[in-house]
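> Produce the complete structure using the sequences and hints provided.
In the working numbering, the protein residues as written are 94 to 228.
Hints are computed from structural coordinates only; laboratory data are not their basis. Here the structure is a predicted model, which is why all the values come from computation and not from measurement. For every residue, glycine included, the Cβ atom is placed at its ideal position computed from N, Cα and C. Treat the hints with care, as some may be off.
DMTMM-like, lysine to aspartate or glutamate: derived pairs with alpha carbons at most 20 Å apart [claimed, not checked]:
(1) 138 / 214
(2) 190 / 136
(3) 138 / 154
(4) 173 / 154
(5) 173 / 185
(6) 138 / 217
(7) 190 / 214
(8) 190 / 164
(9) 223 / 154
(10) 190 / 162
(11) 223 / 185
(12) 223 / 178
(13) 138 / 189
(14) 223 / 176
(15) 190 / 176
(16) 190 / 169
(17) 190 / 154
(18) 173 / 162
Across the chosen pairs, the derived CB separations fall in these ranges [to be verified]:
(19) 192 / 158: 19 to 25 Å
(20) 219 / 162: 31 to 37 Å
(21) 142 / 196: 17 to 23 Å
(22) 142 / 173: 38 to 44 Å
(23) 145 / 176: 26 to 32 Å
(24) 196 / 172: 16 to 22 Å
(25) 201 / 138: 36 to 42 Å
(26) 158 / 134: 29 to 35 Å
(27) 144 / 205: 29 to 35 Å
(28) 223 / 193: 29 to 35 Å
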Amino acid sequence: MCSSHCRNLPNGHRLGRKKLTHLLYLCMAIAHREQPDHWQPAEVKIIGDRAVRFRDVCVHEIRMGDVEDPDLFVAEPIWKWQESDAGRFIMENAVDKPYWTRTMDPQTYGHMYRIMARLSEQNETFWRLKWGKNE
Numbered sequence: 094m095c096s097s098h099c100r101n102l103p104n105g106h107r108l109g110r111k112k113l114t115h116l117l118y119l120c121m122a123i124a125h126r127e128q129p130d131h132w133q134p135a136e137v138k139i140i141g142d143r144a145v146r147f148r149d150v151c152v153h154e155i156r157m158g159d160v161e162d163p164d165l166f167v168a169e170p171i172w173k174w175q176e177s178d179a180g181r182f183i184m185e186n187a188v189d190k191p192y193w194t195r196t197m198d199p200q201t202y203g204h205m206y207r208i209m210a211r212l213s214e215q216n217e218t219f220w221r222l223k224w225g226k227n228e
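And the structure:
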């Protein structure tokens with residue numbers, strides 16, 4: 094007899110917790126793309142007499158539980174971040190419009206949203222010193 098952590102499949106078979114976890118990770122690996130559509134590689138531009146490096150930086154992360162429509166539910170936390178000091182700085186100083194990505198969060202079996210912004214080296218340094226986390 095299987096305990097409560099087993100799951101019934103449509104074909105009548107049962108999966109235990111370990112096999113179910115492996116299946117979930119396999120699905121995440123298949124569905125995971127290496128880079129989002131908006132992502133661009135780092136680039137160096139000559140501005141005046143200086144070389145300035147630009148790259149995409151993760152400026153905020155939001156963990157969202159397993160909800161029915163995660164893109165709808167994450168709108169409020171994104172809006173609150175955008176209205177914060179750090180969010181306003183990013184919105185004003187990003188080279189292109191910031192974008193978000195959604196991936197599976199293996200720690201919570203929910204969703205991980207990352208807000209990405211293309212910043213110059215100078216703005217990235219300022220942001221990291223004031224609000225950012227060290228990588």
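> Hint by hint, say whether it matches the structure.
Evaluated hints:
1. Proposed proximity of residue 138 and residue 214 is supported: the alpha carbons are some 11 Å apart, at most 20 Å.
2. For a cut-off of 20 Å, the pair hint linking residue 190 to residue 136 stands: about 17 Å separates their Cα positions.
3. Under the criterion of a C-alpha separation no larger than 20 Å, the hint pairing residue 138 with residue 154 is inconsistent with the structure, at around 28 Å.
4. Between the alpha carbons of residue 173 and residue 154 the distance comes to roughly 13 Å, so the proposed pair stays at or under 20 Å and holds.
5. A distance of roughly 16 Å separates the Cα atoms of residue 173 and residue 185; the hinted pair therefore holds under the 20 Å criterion.
6. Under the criterion of a C-alpha separation no larger than 20 Å, the hint pairing residue 138 with residue 217 is consistent with the structure, at around 15 Å.
7. Restraint check for residue 190 and residue 214: satisfied, since their Cα atoms lie roughly 17 Å apart, inside the 20 Å limit.
8. Between residue 190 and residue 164, the direct Cα distance comes to roughly 18 Å. Compliance with the 20 Å bound is thereby established for this hinted pair.
9. For a cut-off of 20 Å, the pair hint linking residue 223 to residue 154 stands: about 16 Å separates their Cα positions.
10. Distance hint between residue 190 and residue 162 is unfulfilled; the C-alpha atoms sit about 24 Å from each other, more than 20 Å.
11. Proposed proximity of residue 223 and residue 185 is supported: the alpha carbons are some 15 Å apart, at most 20 Å.
12. Our distance criterion of 20 Å between C-alpha atoms is met by residue 223 and residue 178, whose separation comes to about 10 Å.
13. As the CA atoms of residue 138 and residue 189 are separated by approximately 15 Å, the hinted pair is consistent with the 20 Å bound.
14. As the CA atoms of residue 223 and residue 176 are separated by approximately 16 Å, the hinted pair is consistent with the 20 Å bound.
15. With a C-alpha separation of about 15 Å, the suggested pair residue 190 and residue 176 falls inside the 20 Å cut-off, and the hint holds.
16. Between residue 190 and residue 169 the CA atoms are separated by roughly 18 Å; this keeps the pair inside 20 Å, and the hint holds.
17. Of the supplied pair hints, the one linking residue 190 and residue 154 holds, its CA atoms being roughly 17 Å apart against a limit of 20 Å.
18. Straight-line distance between C-alpha atoms of residue 173 and residue 162 comes to about 19 Å, which keeps the hinted pair within the 20 Å bound.
19. The hint said 19 to 25 Å for the Cβ distance between residue 192 and residue 158, and at roughly 22 Å that hint holds.
20. Distance hint check for residue 219 and residue 162: the Cβ-Cβ separation is about 36 Å, which falls inside the suggested range of 31 to 37 Å.
21. In this structure the hint that residue 142 and residue 196 lie 17 to 23 Å apart at CB is violated, the actual value being about 40 Å.
22. Checked against the hint of 38 to 44 Å, the C-beta distance between residue 142 and residue 173 comes to roughly 41 Å, which is consistent with it.
23. Restraint check, residue 145 to residue 176: a C-beta distance of roughly 28 Å satisfies the suggested window 26 to 32 Å.
24. Roughly 21 Å separates the CB atoms of residue 196 and residue 172, a value that falls within the hinted 16 to 22 Å.
25. The supplied range of 36 to 42 Å is met by residue 201 and residue 138, whose beta-carbon atoms lie about 39 Å from each other.
26. A hinted range of 29 to 35 Å holds for the C-beta pair residue 158 and residue 134, which are about 33 Å apart.
27. A beta carbon spacing of about 34 Å between residue 144 and residue 205 agrees with the range 29 to 35 Å that was offered as a hint.
28. Range check, residue 223 to residue 193: about 21 Å between beta-carbon atoms, so the 29 to 35 Å window is missed.
Going through the hint list in order, the structure does not satisfy hints 3, 10, 21, 28.
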